[in-house]
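*Asks:* Make the complex out of the two chains shown on their own, each in a separate frame, by following the hints.
Single-letter residue listing:
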Amino acid sequence: METTLVENLPQVTAAGVIIKAVLILAIISALAGFGTFIERKVLAFMQRRLGPMHVGPYGLLQIAADGIKLFTKEDIVPQHANALIFKIAPIITAATAFIALAAVPVFPDFTVPEFIPLLGGTFVPSIASDLNIGVLFVLGMMAAGLYGPLLAGMAQANKWGILGAARTAVQFLSYEVVTGLSILAPIMIVGSLSFVDFNDYQTAGIGSWMIWQQPVAFVLFLIAGFAETNRTPFDLLEHEAEVVSGYATEYSGMRWGMFFIGEYANMITISVIAAIVFLGGYDAASTFGWLTIMLKIAFFFFLMLWVRAAWPHVRPDQLMWLCWKVLMPLALLNILITALVLLG
Amino acid sequence: MFENFIASIMTIEGAAFYVFSILTIGLFSITVMSKNVLYAMTSLAAAMVLISGFFFILGADFLGVVQLVVYVGAIMALYSFAMMFFDATKDIKEKTTNNSLVFLLGGLSALVLVLMFAAPIYSENIQALYPMHEGVGNAQDVGMVLFTKYLIPFEVAAVMLLVAMIAGIILAGKKMDESLTEDMSADDEILIIKDEK
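Here the protein sequences line up with chains A and S, keeping their order. Residues in the first sequence are numbered consecutively from 1, following the working numbering. Residues in the second sequence are numbered consecutively from 1, following the working numbering.
If we strip away everything but chain S, and leave its shape as in the complex, we get (with noise of 0.2 Å):
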């Protein structure tokens, strides 16, 4: 077992995974345990990227730039911008009340994932239900199989993301049609008040 080991770590790719795995698990506890904002948004975003690693180490090339585009490009850059509205170089004061039952509760939940994943692995019954096609390409792959197999899903999210996309339009566009810089009552407003003094 323990040789099995070193030699895992003697190879290119092992050697690759055990890094990126130590800083990956590094990264998001910084996130989960830092006070200040900016520490957990950038090491939040820096992991997002190390996972895109473990994409590229498995000769999945897509879905290793999939998760940067989509992850780091765009989810991550918009919680990043929510977070401009907070004062980003103080530490936040977290109300916990029982600080050792979530470590338990926390602690128990992630053993639990961890087991669920790891037993199909470890007694070598996982087998991939569509395995890759050869000489085909990455995204050629990922095509077929989401518009074969997983068509109705695939299609079921694009119809909740364009409903997503009209609530959020309509809840932020009440005033849309008016531009701010162009509105002169804006002016006026300014004038008043510089009158009044």
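Next comes chain A alone, as it looks inside the complex (with noise of 0.2 Å):
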């Protein structure tokens, strides 16, 4: 399905794509390193604490702290270990949560400046590979990086490993077929698959939102969005309570810090699926636009951060029965009614 929009634009190159994908990695990396220390300062904040404090003014050097014993902490891997896969299953999760951030729009096309030599005048798009199918490949991407945390329990050799990796396995599978039947509805009304087609629908201000069309289908591909991404009430990936760390047991160093920064980067992919689908997205014809869905990802992720200072987390039986009894229900439900409203 061809848009109108996408046809006014400069002709998109082989080397547009090749510096946005480069932008987005470095983009996203850098943002997740920043993000924790946002998150230590939001949670201290509405805690009544200081958080970090010691490196730098007002702990901002923290990060550069972080990063150094990430990079220079020895790299373990364990005795009876299968080596090959206990490497390659951390590489898997950043690559998918990296594919999958190739189908989005993240930070607004632009030309390169014509006096900077080699790549002046390239075109850079905002979406680096804009498929007609856009919402199905970010979720079958973020599906396909199960196999990071799946892999990890499995090589590693490790009793405390491989039941994290169970647990996260479960916890995947059922939470995908929540995210997958809420988006479901609005992929009805819209009609088409492509983030472009969503954002032309609701061009319209703010009553043309999705949101107040589709609430339900919003608050659960939330509920959803946040069990995939391992943030709390959900987060028995890692479950910080246990002095185990789930599947990332045996991890350490940058292992460790791929896994991270994987989780960080479908936390940025889940609030920019959000803020398209169901709160706009962007104004593709103005600045502006761009401004305001940089503030609308920016309200999600804070809203990953608030949450996590607020609410306790659950079960994991409470998680299955949450999943399989209340919200793959009512997404089922809310299905059936858009469909029935669309048809009548």
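Warning: the hint list may mix true and false statements.
What the hints assert, rightly or not - Derived DMTMM-like pairs: lysine to aspartate or glutamate, alpha-carbon spacing no greater than 20 Å straight-line:
(1) A:LYS41 to A:GLU240
(2) A:LYS87 to S:ASP91
(3) A:LYS87 to S:ASP87
(4) S:LYS35 to S:GLU94
(5) S:LYS174 to A:ASP317
(6) A:LYS296 to A:ASP283
(7) A:LYS69 to A:GLU39
(8) A:LYS296 to A:GLU39
(9) S:LYS35 to S:ASP87
(10) A:LYS87 to A:ASP75
(11) A:LYS159 to S:ASP87
(12) A:LYS41 to A:ASP66
(13) A:LYS159 to S:ASP91
(14) A:LYS296 to A:ASP197
(15) A:LYS159 to A:GLU240
For the record, the hints were derived by calculation from the structure and aren't laboratory data.
*Replies:* Shown next as structure tokens:
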């Protein structure tokens, strides 16, 4: 399905896509580091603490300190572990998270200024790869991200690791169902799987946002999104209350860091999907529009931290009960009602 | 013939096809040959991802993503989940009685399958019975065929899945209304064992 919006833009070249890919990698990885700082500060202020204060002004250099620690830690591969799979697993998590980001619009499109040598005049698109089926692709890629924790747990020859991996597999598989079903109702209304079409559907101001038509789907998607990105109250993958850390028990240093970056990239992806599908997306015509979507994404990111500060986490059996006995029937009912309204 | 091959490698689609085919066949042979559960599982999952690449080359984006979601996201994940009950770090001992016979029969059946599928393509008699509609998206096209020509197989498959789901729930759900963590009798047993010590 061609959209008029895309046709008006300059030709997308291979160089533009490569620049875009490098930008996504660099900025999102950096944001993952900065995200931890923001998370600790927000949590601290909500709990009447100060958070990191010692390294640099307001503890800002804490990011650098953490980064140095991650990079210089000893790289340990357990003796009886399957070393190859053990090393591949964190790469799968990080890679799938970034591949998913390739199909969502992040940052506005721009043309590289002419005065820069070699790359001057290259058009950099807002979506690295504008697929007609963007929504499905992102969900499918995030589903493939399950293999990171799963293989990590099985390769490390550790009981806690494999138990954590089993818990991860159950949680991801269950909540994927809710994510897919909840986003199906908006897809039925728009009649397309492309993010650009979703954005174009909601350009008539706040009143045309999908959230007013599909409030149930929005709440379900958000809950399932929290579960899929390992956020409180569903952070049973690593489960910080336990001394061991789930599937990542044997991991240290940068290998653990890659799980972490993948998780933060997924948080951003979920925020972008929620902002585009339910909260009106961006307005490509004005520069102001891009500012609003940044604010929306930042709001969802903040919401994840806010919820973490406000709520305790659920038990594993409550998690499953919530998914299969509450959220999934609700999602199905929502689809049924939407279909009846669309047909009628 | 050989010039055709060189020319086909030079295009992006051709090069991608050969890269994907070599990787897929290589990964699937690891799945079959390896004695390690983890290697077999990982290579099977990776090959499933690469198969979706063929759909993308053919322009069937929708089916490519469905391959990703269904095979990689769901079916392979369930396999892997079952594999967690084994010690994945050790090699398994295979019981093979007659290796050469298995190799011969397997090779022959593979050859027959390839010939069966390659013959109509080679003689260029293959035609799409339900060709793509111009200007219609992938998902819509699949939907049209599914709800007209293949409606009955589609519905029968849906009923079969429903039956399988109900059977699965009945098999697994004998004590589903009792919570294991809230079961007080389990605590009592632990206390009794402690007292005995």
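*Asks:* If you test the structure against every hint from before, which numbers come out violated?
*Replies:* none
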